[in-house]
Amino acid sequence: MTKVTMTINGKSVSGEVEGRTLLSSFLREDLHLTGTHIGCDTSQCGACVVHVDGKPVKSCTMFAAEADGADVATIEGQANADGSLNVIQAAFQEHHGLQCGFCTPGMVMSAAALLKDNHKPSEAEVREYLEGNICRCTGYHNIVKAIMAASGQDVSAIAAE
Amino acid sequence: MPKDGGIGASTVRREDVRFLTGTGQYCDDMNMFGQTSAVFARSTVANGVIKSIDTSAAEAMPGVLAVFTGEDFVEVGGNPAGWLINSRDGEPMKEPKRPVLAHGKVRHVGDAYAAVIAETIEQAKDAVEAIEADIEELPALVNMKDALAADHYVHDEIGTNQCFDWGWIEDNRAATDAAIKGAHHVTTLELVNNRLVPNAMEPRCSMAQYNRANDEYVLHTTSQNPHLTRLLISAFVLGIPENKLTVIAPDVGGGFGSKIYHYGEEALVLAAAKKIGRPVKWTADRTEAFLTDAHGRDHVTKIELAMDKDGNFLAFRTETMANVGAYLSNFSTATPTFLHGTLMAGNYTVPNVYVNVKAVFTNTAPVDAYRGAGRPEATFSLERVIDKAAREIGMDPIELRRKNFIKPDQYPFASAAGLEYDSGNYDALMDQMEKVADVAGFEARRKASEKKGKLRGFGVNAYIEACGIAPSNLVGVLGSRVGLYDAATVRVNATGNLSVMVGAHSHGQGHETAFPQVVAEMLGIDPQSIDIVHGDTSKIPFGMGTYGSRSLAVCGSAVVRATEKIINKAKKIAAHMLEASDGDIELKDGVFSVAGTDKSVTFGEVALKAYIPHEFPLEDIEPGLEETAFYDPANFTYPSGAYCCEVEVDPETGKVTVESMTAVDDFGNVINPMIVTGQVHGGLGQGIGQALLENTTYDENGQLLSASYMDYVMPRADDLPFYTVDHSQGNACTHNPLGVKGCGEAGAIGSPPTVVNAVIDALQSGGKSVTHIDMPMTPHRVWSAMQNA
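The listed protein sequences derive, respectively, from chains A and Y. Just so you know, we're using UniProt numbering here: the first sequence kicks off at 1 and counts up by one. Just so you know, we're using UniProt numbering here: the second sequence kicks off at 1 and counts up by one.
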């Protein structure tokens, strides 16, 4: 067992992990941060995306020990300080960018990473960026629309109710 | 205009807040005190005789608490098929037992033959590796045609690989044959409806607790219908009395059919929890999901369309082989029969229809209902052969469809496939589709594509489906072994807020938002004061759950009926409070008033009075304000639609891109347009996935080659376009109180033939005489078809 210490959503946490413990397992099983989901075992689905030192990472591809000393952000830390939804979360709700909600934490974390680097992504840029996040419910229409809306773009011309 | 939050409002979903903040509670997010882990030993061969299983080494491994094999469940019942299908000769279908764990034989790769319970999942996984199973591999039966011809069987005890040979409608067979024989023109098409894996993003998970103090069990599980799961476990599999078993389906991450069914893992964790006296949890990994979730589709069909010299349809005749896999899953016998054959008249006045379906056992995972369940297969066959016929006789595909549409003045319409359609207007849908998709502008867009070196195609489709399953009286005649009503309890609490307990289960459909809109509209109160309770058999009345686009049409109607009972009783209480006759009481905007006076009491005051019944006329009115209704519809509902899409094909590579997709649907009345549109989007994504990307591939040994997201091509954001969705042309359902028809599956039904028709159109525009390409239309398949044409 190895001791790891990292900052998660602004708080310092420590734990004992096996060498084989994945960051996703450490978050879910040890810290009970179950918003990070496990949807596959080949690092394809993206339901487990978190930010490590500001970069999006599929937390099932990283050992917890590798994140020792890192600054980690998960879906649980994304809302505004007063608990209200942040601009991306609010856009997902307003534009119905989620249905069952299982892929949603990864989608929101990927969207946040995209918008940090690209303040006004085009439709094609959003779609390409989301290649590593699979959603089975929405057909992606409203996810793409929500992310564009969250960047401040006018999405009223994109068909939908 | 509807008031905010009532019927017709695009109210944003309240459930979104927990999903967006990571506070949803899916099965695997929960852990119980003292919890242990289950891991299954699964067959690596498709067909084999279990000679012996030695678990002694596994039992001695660290942390191991118990090891189970199929022998431990020989005495318990089998997991049954929910529909009895009789073959054309009157013989009932073959129903081999589906055990909790395989014993005697393993019948598909992934078939579980043992399970380890250990303190941790890692220990359980390590111990599974130590199980020594001597399994003698036998030749696998993978291809349906080979299985029908084989002299060895998936289930030796039934002596055949044919489950049934079904004719619909057998009495129409001779007339259909005669119509085809005498027809001016007959178009024939052989096609494959490709095998798909539903792929809900949340893998299945089941967690059982056993309370020795009162001999009670609690099962948390990923289910679309917890009461049905409980009934199957209680009445057929383990015999646990229903009153001793609570089944809870908490937040569930998508279903698409695959979570309707009871699976052996649920029974195993229940039995294990009792044996070791501690909670037991199992969570599938994605490979297990691919290997063991019920798959969908997998039909091989020959369809013939007979027409007279003017293009009037005279008959449809089909012969289908439908794969049911290694065991009969719960809806597997209904899906290729009554959810498929009854729709084979489509939107058309065709007088003769005959459908033959042979269901075939193979050494593959069970196949069952997947989004659309039989109706996508029917629509695909019909709309592909109609398109081919239009090209053969040189008629515009839209014109040929219009010529044969049922007209608005023909409802109720008795279809040649045995259903009575209640309402619709297919020409109006087609008109709207032509308008919103700017069909008139297609030729200009084709020229623009050609300038870029691409071939552009236009594809069209009309569909009808039967939803809201269903009338128990009808499905009973058709072989269903369960009723298909639903139920709701409306509980008005003393302080005036409401808890509405429903039999439907929401796993993405937004019931927690849409159902309160209905109740709020009826009572004239704030929808935020209404909460939906679903998914827990200890809290909800006995409803049949969510599948077949039935939640609103069936369970929503039960909600309406229960709310009507609430209003009736509340009016009596208000009449007493206002010293009036209850016939004079009116309810408007949450206020009960005496007609023609200014005397009134609010809904909240009536609620409080119901629970503090001082000076209450107890001889006339019971205290309390809580009502339950069961609703069993008079008929299916019949959503319909006109879809079109435009594709570009790269002639150099065969790659197809969907440039536009338009869905115009008649869903009857719409409660929440935003949610309905989202449901269509999702179906379109899955349908385009089927048409272009997704395929479930077994090799000749029965190994699943597409068992991960590296190999099974899920549609991703950059594979799909923005969609145009329109439901302005609704014709209310005539027989349920909301006038709703159901929208959950439409997109997946209407889109696959639309895409294929468009690709064929594109290739023919490039001078290629290609008439059909099987799905998925991968670049390789399209390119090869172009080279061979």
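Honestly, I wouldn't trust all of these hints.
[Said to hold, decoys possible] Each computed EDC-like pair below joins lysine to aspartate or glutamate, with the alpha-carbon atoms no more than 20 Å apart:
| no. | chain 1 | residue 1 | chain 2 | residue 2 |
| --- | --- | --- | --- | --- |
| 1 | Y | LYS768 | Y | GLU652 |
| 2 | Y | LYS275 | Y | ASP72 |
| 3 | Y | LYS655 | A | GLU29 |
| 4 | Y | LYS539 | Y | ASP72 |
| 5 | A | LYS120 | Y | ASP718 |
| 6 | Y | LYS125 | A | GLU29 |
| 7 | Y | LYS655 | A | ASP41 |
| 8 | Y | LYS125 | A | GLU128 |
| 9 | Y | LYS125 | A | ASP154 |
| 10 | Y | LYS358 | Y | ASP526 |
[To be verified] Using C-beta positions, here's what the derived DEER-type ranges look like:
| no. | chain 1 | residue 1 | chain 2 | residue 2 | range |
| --- | --- | --- | --- | --- | --- |
| 11 | Y | ASP409 | A | ALA157 | 48 to 54 Å |
| 12 | Y | ALA428 | A | VAL87 | 37 to 43 Å |
| 13 | A | ASP154 | Y | ASP177 | 22 to 28 Å |
[Stated by the list, open to error] Covered stretches of chain A, as calculated for chain Y (at least 3 residues, CB under 8 Å):
| no. | segment |
| --- | --- |
| 14 | 30-44 |
| 15 | 72-86 |
| 16 | 93-102 |
| 17 | 115-127 |
| 18 | 134-144 |
It is worth saying that the hints were derived from the structure and are not from the lab. Cβ coordinates follow ideal geometry from the N, Cα and C atoms, glycine included.
Okay, the hints, checked on the actual structure:
Simply put, LYS768(Y) and GLU652(Y) have alpha-carbon atoms about 14 Å apart, close enough for the 20 Å limit, and the pair holds. As the CA atoms of LYS275(Y) and ASP72(Y) are separated by approximately 11 Å, the hinted pair is consistent with the 20 Å bound. Of the pairs offered as hints, the one joining LYS655(Y) and GLU29(A) is violated, with about 43 Å between alpha carbons and a cut-off of 20 Å exceeded. Proposed proximity of LYS539(Y) and ASP72(Y) is contradicted: the alpha carbons are some 33 Å apart, above 20 Å.
This hinted pair checks out: LYS120(A) and ASP718(Y) have alpha carbons roughly 18 Å apart, not beyond 20 Å. Distance hint between LYS125(Y) and GLU29(A) is fulfilled; the C-alpha atoms sit about 17 Å from each other, no more than 20 Å. Taken as a hint, the LYS655(Y) and ASP41(A) pair is broken in the structure, with Cα atoms around 29 Å apart against an allowance of 20 Å. Between LYS125(Y) and GLU128(A) the alpha-carbon distance is near 37 Å, which puts this suggested pair outside the 20 Å criterion.
Only pairs whose Cα atoms come within 20 Å are accepted, and LYS125(Y) paired with ASP154(A) is rejected, the gap being roughly 51 Å. Note on LYS358(Y) and ASP526(Y): the hinted pairing is violated, with a Cα-Cα distance of about 53 Å set against a maximum of 20 Å. Look at ASP409(Y) against ALA157(A): about 38 Å separates their beta carbons, and that is not inside 48 to 54 Å. Remark: the range hint 37 to 43 Å for ALA428(Y) to VAL87(A) is upheld by a beta-carbon distance near 41 Å.
With their beta carbons about 60 Å apart, ASP154(A) and ASP177(Y) fall outside the hinted range of 22 to 28 Å. Using a Cβ-Cβ cut-off of 8 Å, 11 residues of the segment 30-44 of chain A lie near chain Y, which meets the minimum of three, so the contact claim holds. Coverage of the segment 72-86 of chain A by chain Y holds in this model, with 6 residues showing a Cβ closer than 8 Å to a Cβ of that chain against a need of three. Note: the segment 93-102 of chain A has 8 residues with beta-carbon separation from chain Y under 8 Å; the three-residue rule is met and the coverage holds.
As drawn, the segment 115-127 of chain A meets chain Y at 4 residues by the rule of a beta-carbon pair under 8 Å; at three or more, the given contact holds. For a cut-off of 8 Å, the count of residues in the segment 134-144 of chain A with a CB near a CB of chain Y stands at 11, and the three-residue condition holds.
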